[in-house]
Amino acid sequence: MPGQIQDSAATEPVRRRESAFAIGLRQILRKRSSRIALVILATIVLVGALAPLIAPYDPAAQPDIVALKNLPPSLAHPFGTDPYSRDVLSRVIYGARLSLTIGLLATWVSLTLGVFYGAVAGYAGGLVDGVMMRLLDALLAIPRLLLLLGILVAWPQFSVGALILFLGLTGWFGLSRIVRGQVLALKHAEFVTAAHALGASQWRILVRHLLPNLISPIVVAATLGVAHVIVLEAGLSYLGIGVPPPLASWGNIIQDGSDQVATLWWMSLFPGLFMVLTVMTLNVLGEALRDAYDRR
Amino acid sequence: MAPLLSIRDLKTYFYTEAGVARSVDGVSFDIGQGETVGIVGESGCGKSVTALSILRLIQPPGRIEPGSRIEFEGKDLVTLGDEEMRHIRGNRISMIFQEPMSALNPVFSVGDQVAEVARIHAGLSKRKAFDRAVETLALTGMPAPEERAKQYPHQLSGGMRQRVLIAMALIMKPALVIADEPTTALDVTIQAQILDLLVHLQKEFGTSILMITHDLGVIAETTSRVIVMYAGEVVEEASVDELFAHPHHPYTEGLIHSMPHIGHDQERLNVIPGTVPAPTNWPHGCRFRERCPYSWDLPEREHPPLYDVGVNHTSRCHLAIEPERRNQPHPPLVVVEGVGAA
Amino acid sequence: MLRYLSRRLAQAAVIVAFVAAISFALIHLAPGDPFSAIMDNPNVSETVRQTLRAQYGFDRPLPEQFVRYIGRLAHGDLGWSFSHDRTVVEVLGSALPNTLLLMGVALIGSFALGIFVALVQVARRESVTDHALSGVTLVLFSMPDFWFAILVLLVFTYWIPIFPVGGAVDPVTHEYMTLGARIADRLRHLVLPALTLTVLAVGTVARYQRAALIDVLPADYIRTARLKGLTERDILRRHALRNALLPVISLIGLSFPALLTGAFFIEKIFAWPGMGLAVVNAIGTRDYPLVVGGVIIGSIMVTLGSLLADMLYAWADPRLRGH
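Quick note, the sequences are listed as chains R, P and S, same order. Take 143 as the starting number for the first sequence in the working numbering and just add one per residue. Take 4 as the starting number for the second sequence in the working numbering and just add one per residue. Take 9 as the starting number for the third sequence in the working numbering and just add one per residue.
These are calculated hints, taken from the structure and not from any lab test. These numbers come from a predicted model, not from an experiment. The beta-carbon is built from N, C-alpha and C at its ideal position, and this holds for glycine as well. Certain hints may be false.
In silico negatives: residues of chain P with every beta carbon more than 12 Å from chain S [as the list claims (entries may be wrong)]:
| hint | residue |
| --- | --- |
| 1 | 6 |
| 2 | 19 |
| 3 | 262 |
| 4 | 278 |
Here are a few chain R residues that face chain S, going by a calculated C-beta distance under 7 Å [claimed, not checked]:
| hint | residue |
| --- | --- |
| 5 | 275 |
| 6 | 276 |
| 7 | 277 |
| 8 | 279 |
| 9 | 285 |
| 10 | 287 |
| 11 | 291 |
| 12 | 403 |
| 13 | 421 |
Each computed EDC-like pair below joins lysine to aspartate or glutamate, with the alpha-carbon atoms no more than 20 Å apart [what the hints assert, rightly or not]:
| hint | chain 1 | residue 1 | chain 2 | residue 2 |
| --- | --- | --- | --- | --- |
| 14 | P | 206 | P | 38 |
| 15 | R | 329 | R | 271 |
| 16 | P | 176 | P | 76 |
| 17 | R | 173 | R | 401 |
| 18 | R | 211 | R | 401 |
| 19 | P | 131 | P | 150 |
| 20 | R | 211 | R | 200 |
| 21 | P | 14 | P | 68 |
| 22 | P | 176 | P | 199 |
| 23 | R | 173 | P | 20 |
| 24 | P | 129 | S | 242 |
| 25 | P | 176 | P | 20 |
| 26 | P | 153 | S | 325 |
| 27 | R | 173 | S | 134 |
| 28 | R | 173 | S | 138 |
Isolated chain R (complex conformation):
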């Protein structure tokens, strides 16, 4: 990468070239708020990962649907129980596992689509690019929740896998516009022309030169994207067309208690708190990363 080596040599003569991940990590660890966010997020991820070991009860077990239903928080059930006598704490713990998994996988789908679509549009240029961008404008004009309603309502029933796919399918528009911009800018950059002149293949140019420049917007979009998907999934589950019951996701737990919000307040409060904490830490980290990359 002749152009890039020159570039980094001019700005950082001593330090050797670091990966975008290393730069991001080092920058965000400088800020106290990001360190706290990282610790909280790691804890929640750990809780989700170790759910079977931590959860005091089976999240699906309905031990006594008459005597043990709708219990307010107590020592035996710190987050209370739901109308089916299930332990809310255990469901919240398993909910962390499901909500985070959905967030990660759906974002993975979005990133793949976003990079692909943006790269194709930017590289193709001309009429193809024009049509692809107008389509993108339209997709961006449809509020994501509404688009998901339009898709999901048509399906009589669907699995968690399908939900992840649909969440991913509706989350790539913003990123692909950034990717296209980067591709367009780099297409005419000198070092790409130079690589062309040296006989490098199109594919090689794309991978070797574009991807390193795309890492930072992708990392930022991924972090904020996971937060967004978690909120969306919860909202859809709350509306009854998200994660199919009886699986426990944070939105599902709130939905289970939504008929009696006033009496079953613990069913809304606790899963929501976990959700806010997760989303907040992801937002803090995402913004810290964006600042870190912007400052470079």
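With chain R fixed as given, assemble chains P and S onto it according to the hints.
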């Protein structure tokens, strides 16, 4: 008669991550009533920071060090309260900047921006202040001032924008106007017009002007007395005629030699080798030593004081006590050792 | 200006046309046809089934269906809502004013409050107040709409019952009230949902405005303002804010999707009879035409919102005005 402005031992330091930048490091000079004084020096010599210090516009991490004194109309501006200082800015002392485009607020009409000064300091109504702004714009030679006043900065040419800034600086008839490179961003023909305008207005209003520039040509055209700054210090001070006829400090000599002479077919400009050292790390001894063609062991050991070298002529150079060294020039250290970017 | 406006209008029209095409794709990408649930529903009469089949012409070739579909949309025909037994346009049309009222109040409220909060923060930059407010706006920014609405409902209608539980008016007594009492009744019902949506949107506005203000503070013209002898307060409120408002005007356009989504949840939770409540209830009844109608109307609102913001921007920035 006491001078209008009297600066004594002004130190303005910036507390940066790289260390303490001693951008202005013990500067003293006076400006008399109605006098035009120039400060000349390369960028980074501390001339702009001196100007901003007079108006107390130094933002953290910079600060004016205790012990510095800036006396103006009987008040010490260093210790003056914020509210009183505010009444001086734009009213008794005003300033004209280098970049007239970015110095004007893009979302207000230029007339409003000039009028604002009169509204704050003279308590004029919006309407009266605007009329006064139009009058002042007319004084600066702004064509069709009435219409121009309603326009926005982006609709004016560079020269007109500079006239707006001058109107803004003069609307309150201040005692002192600081002009920081007022013509650098302009075309050559406009430059001459603006300088003529400043000289003309100075005569008409009796305003004192502090002209800050890197261009000795501007100094020769507009000022009566010159202060040469280098590395945060005053290195030479004299009347304009004296300075050009008998420059004493090797730095001043270098500046004069590097001026392009119209009519002379110069092979190349004589540029002073090297650059101004970093303000976080001024060299000990004479700060110009490494770039100086005469330096010897004394400047290396001892920081030179300001010597009297003539009538109202001072110079911070040890040549004042060993003048015969001027006959033995040698390549400066930066050239010999390749220090800095020669 | 006129040329800019017509170009922007043409752009908006293209976007809406693409949205229509996307909605057609939604209908046809579903397994079988999206009305299978309706078709199997014993409560749906045979006439409705016939109407639906004819309307969407599922027996015809796809291109023909597409042309017919777009043609109907162009005539303002969004189809038939069987759960309401009215046209989708009638259902959404009667609900739209309530949604616009909710969004309008929240838009104005959140921008006014958000700009104020940012001004307070920037005036005391890096102080305890600034950091505390940054924390609050971050929490608001990260809060799922529906969860916050549930909490507000819980606290202000059940635990401290000072507001009505839901609806736009009192269902029993409203008809018998005097005009003044009716207005008061409406306002009493509006306060809680509108405030909830406002508070949810404040976080974004305040964070955006704070960043925009901090961005313009190093500008040369701020130094000029200081040089003129303006107070720090006037510098911030007049010179900095006036410039830093420009990016926030763009935010108006960008915030429409979030406001609309927020309104959907809030209408559901506070039983506010708007477009969102109609569409969300259509999920339960599988009233697909109504959902797709909501998608189209919602997208048009977003498109018009961003058009409005762009026009406002062009008017507010003298560098664009008159060009």
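Practice problem: Would you list, in rising numerical order, the hints stated earlier that this structure does not obey? | Solution: 5, 17, 25
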